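Protein sequence lines correspond, in order, to chains A and B.
Start counting the first sequence at 36; every next residue gets the next number (our numbering).
Start counting the second sequence at 37; every next residue gets the next number (our numbering).
Quick caveat, the hints were computed from the structure, so don't treat them as lab data.
List of simulated lysine-lysine pairs, DSS-like, C-alpha gap at most 25 Å:
1) B:K189 with A:K295
2) B:K189 with A:K88
3) A:K293 with B:K189
Here are the computed distance ranges between Cβ atoms for each label pair:
4) B:P176 with A:E424: 49 to 59 Å
5) A:G310 with B:D209: 21 to 31 Å
6) A:D165 with B:L139: 56 to 66 Å
7) B:P217 with A:K102: 49 to 59 Å
8) A:M460 with B:A202: 26 to 36 Å
9) A:S431 with B:P176: 48 to 58 Å
10) A:A315 with B:D209: 20 to 30 Å
11) A:R234 with B:G135: 30 to 40 Å
12) B:F87 with A:D176: 46 to 56 Å
13) B:L139 with A:A315: 30 to 40 Å
14) A:A315 with B:T204: 16 to 26 Å
15) A:A315 with B:L172: 30 to 40 Å
16) B:D209 with A:T471: 35 to 45 Å
Computed from a predicted structure; not experimentally measured.
Beta carbons: idealized from backbone N, C-alpha and C, even for Gly.
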Amino acid sequence: MHPRAGASLSRRRFLALSTAGATVGAAALSGCALEVSTGVGGGSGETVTMMVKADDITPELVQQAQKDTGITIERVDYDITKLIAMLTAGNPPDLVRGVGATDGAYFAARDVMQDLDPYFAKSDVLRLDDLDPVNDLWRYDGRSQGKGPRYGMAKDFSQDSMFWYNTTVFDDRDVPYPAETEPITFEEWIDNAKRLVRRSQGQTLVFGGSYSGLTRTTLLATMTASAGGSLFNDDFSKVDFTTPEARKALAWYIDYCKLKVGPSLIQPDPNGWDGPTFQAGRMAMSNSGYWLGGMINTDPKLAKVARLAPAPVFAGGARISACQGGTGLWMPRKAKNKDAAWRIFEWYFGEAPAKSRASGGWGIPTLKSLRELMPAQEDYQRRALQVQENELKHFSVVAFTPYATADAIDALFSRAAPAAMNGQMSVDTLAKNLNTVINDQLKRGKEQVG
Amino acid sequence: MSVDQISSVADRPRSSADAGRTRPARRPGASMTARRHRAFYVFTSPWIIGFLLLTIAPMGYALWLSFTTFDGISPNWHYVGLGNYRELMNDSVTWDALGRAGLFAVISVPLSIIAGLGLAVLVNRPIRARGVFRTLLYLPAVVPPVGAGIAFKNVFDQNSGAANGALTFFGFDAVGWLADPYARYVLVMTVLWAAGNIMIISLAGLQDVPRELHEAARIDGASAWRTFRSITVPLLSPVLLFQTVTGMIASVQTIMPMLLAPLSTPAGLTTVPQSNYTYMIHVFSQYFALGRYGYASALLWVLFVLILIATGLIFKFTSGVVFYNVDPEAKK
Numbered sequence: 036m037h038p039r040a041g042a043s044l045s046r047r048r049f050l051a052l053s054t055a056g057a058t059v060g061a062a063a064l065s066g067c068a069l070e071v072s073t074g075v076g077g078g079s080g081e082t083v084t085m086m087v088k089a090d091d092i093t094p095e096l097v098q099q100a101q102k103d104t105g106i107t108i109e110r111v112d113y114d115i116t117k118l119i120a121m122l123t124a125g126n127p128p129d130l131v132r133g134v135g136a137t138d139g140a141y142f143a144a145r146d147v148m149q150d151l152d153p154y155f156a157k158s159d160v161l162r163l164d165d166l167d168p169v170n171d172l173w174r175y176d177g178r179s180q181g182k183g184p185r186y187g188m189a190k191d192f193s194q195d196s197m198f199w200y201n202t203t204v205f206d207d208r209d210v211p212y213p214a215e216t217e218p219i220t221f222e223e224w225i226d227n228a229k230r231l232v233r234r235s236q237g238q239t240l241v242f243g244g245s246y247s248g249l250t251r252t253t254l255l256a257t258m259t260a261s262a263g264g265s266l267f268n269d270d271f272s273k274v275d276f277t278t279p280e281a282r283k284a285l286a287w288y289i290d291y292c293k294l295k296v297g298p299s300l301i302q303p304d305p306n307g308w309d310g311p312t313f314q315a316g317r318m319a320m321s322n323s324g325y326w327l328g329g330m331i332n333t334d335p336k337l338a339k340v341a342r343l344a345p346a347p348v349f350a351g352g353a354r355i356s357a358c359q360g361g362t363g364l365w366m367p368r369k370a371k372n373k374d375a376a377w378r379i380f381e382w383y384f385g386e387a388p389a390k391s392r393a394s395g396g397w398g399i400p401t402l403k404s405l406r407e408l409m410p411a412q413e414d415y416q417r418r419a420l421q422v423q424e425n426e427l428k429h430f431s432v433v434a435f436t437p438y439a440t441a442d443a444i445d446a447l448f449s450r451a452a453p454a455a456m457n458g459q460m461s462v463d464t465l466a467k468n469l470n471t472v473i474n475d476q477l478k479r480g481k482e483q484v485g
Numbered sequence: 037m038s039v040d041q042i043s044s045v046a047d048r049p050r051s052s053a054d055a056g057r058t059r060p061a062r063r064p065g066a067s068m069t070a071r072r073h074r075a076f077y078v079f080t081s082p083w084i085i086g087f088l089l090l091t092i093a094p095m096g097y098a099l100w101l102s103f104t105t106f107d108g109i110s111p112n113w114h115y116v117g118l119g120n121y122r123e124l125m126n127d128s129v130t131w132d133a134l135g136r137a138g139l140f141a142v143i144s145v146p147l148s149i150i151a152g153l154g155l156a157v158l159v160n161r162p163i164r165a166r167g168v169f170r171t172l173l174y175l176p177a178v179v180p181p182v183g184a185g186i187a188f189k190n191v192f193d194q195n196s197g198a199a200n201g202a203l204t205f206f207g208f209d210a211v212g213w214l215a216d217p218y219a220r221y222v223l224v225m226t227v228l229w230a231a232g233n234i235m236i237i238s239l240a241g242l243q244d245v246p247r248e249l250h251e252a253a254r255i256d257g258a259s260a261w262r263t264f265r266s267i268t269v270p271l272l273s274p275v276l277l278f279q280t281v282t283g284m285i286a287s288v289q290t291i292m293p294m295l296l297a298p299l300s301t302p303a304g305l306t307t308v309p310q311s312n313y314t315y316m317i318h319v320f321s322q323y324f325a326l327g328r329y330g331y332a333s334a335l336l337w338v339l340f341v342l343i344l345i346a347t348g349l350i351f352k353f354t355s356g357v358v359f360y361n362v363d364p365e366a367k368k
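Next comes chain A alone, as it looks inside the complex (with noise of 0.2 Å):
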């Protein structure tokens, strides 16, 4: 019997009616209270769209996180078009690849990253004190990195400045090993490399070294740091390559380019990058981190010969060994499924996933609590492990500006530099060039920023 308008309420409806009303209640004044879910738990049920690459998520780890959590992940490839697009039309991924140390800047300041803090403090898996402080890499204040609410988290970090070499080319040209406790300096990196690299009829057939850091802005920015200087202003507004220790990062990284000891702009590897040319025995140093540990892990051949090293040093210099990288995951400020992508952030950085990562040596766990796992079963593992851990002591954070990607200063420099590699140009002319094009593009950038 369906109630009629104006009948009197029955006991049953009128209880039916208060429990739904006591629900719904119950639901607004949580909502009230509680912003942000309590993660573990949270989200079941639901669809998370990622924009990573292939390798950040396996389709094990899709299967592997839907039976953990009960959430679904969906995988958009990582391109920085598309989510310039997604973003521009309101409909961005739920989690977002990104670069810790170049890009947590440029868009918190573009205001289209989600504030995790309160996510951070509730959170059971992901404790702030358990946070390494490469994870400071994603804080940005409104006016510099590293401070400030935090906006994403590295999933794992290397000491980008670090480099490997393989014992048997040195051996094959008789050049003694670098410690691996103390720092070799840059002009010694050099040396080595002009005495390492093989060549015939006009063909590299061993390359002494590479180096060009993970950016070349970043390893720039990083080499001026050792030598002392700041490569950005206070306010990140501008560069400067004039100033002594800039010049002398430029004019080290210029010869070293000239030397064609290694791969460079002028002299590509066609491999894209160091891995498969360090494997295959044609490399002598990488200028690469802890990380190429797990490739290295894999082929027992190469890691009975692939040894790590510190950071080289400027002569005098301080000892400065910075992350370049802290590749992780932020969420964007209009992703539609907040509670569930925070549910797979804590699962993909303080789960199965991370510890997953952290035991296969591809990079620093960035939770304390994870470095037990890392490998440490053969030999030539804890060799790395020990000079990782004594390269630890001298980590810094080299800030990076808000006002442009490193992509771009990337660009302009690309442009501007082969002239001065190819011995077309002097190295203080290459310097005002550079200040003149990439402090354009700041200026424009800080516009933008307001």
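Chain A is already provided as a structure; the job is to place chain B on it using the hints.
Quick look at chain B alone, frame taken from chain A:
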């Protein structure tokens, strides 16, 4: 049943309700014309809608962007009027890139047309396994450009490429093919490698040349070269004009240098050698490496206008030498 009878059946009222209505008198020709118009619009509407949504609307949006400082995500972008256009007029990098694109077009278009036509003449002859040769020569044209780029990068790599392998085998020094100044030659080679496209179109044109004209020339004692020059080429001239125009447009818009670049990041794609830093690489760099959507849109609009002008000039200067079997201006 005669035509008149069919017409009277068609005009008969379908029901008693129709019978009571009075219809305005219609001219028989007008209804047919209206139906034809309607059919024309119905059949062309998918293309027209696509053209409006996917060509005109984006072009309009790009035009609007070209008057702004929009960078994709920043909140404080501004309307700058003709500021971007004024900037590009004084931007030497832009004009150098345009010059390189023009030079590339001037070199690659005639070479690829000559190569394509030459191949077409060869595979038009009655030779054995002609179909196999046609297929083999056309194959490179169907290889995706990304695949072609990777193949060329590997073949011309300084240290491990086959090209230098051959040079060093014969005692020569290796060449840095993918760096300045040789990179431009590799770029032209990638275009010539895919000349099969032009070959197919030229082949179709060759097969359309009336055989009796060749026979008449032969009877008159004309040599093969004279026949080719005085009969084949004039009759192929509309095809050659088409290839010149589309080739010119494609070559100034080429992104092939990017596929030969050492890195695949947005900034990496622009790390092409200076000699291959053409206009579209500059545009890509402004859009996706520097995030200058406004300026890049202005660059594209300028290119669009320049292509229109160049196309008009090609038509103007070739009007006296292109021979049409059918007058293209004739009324149907």
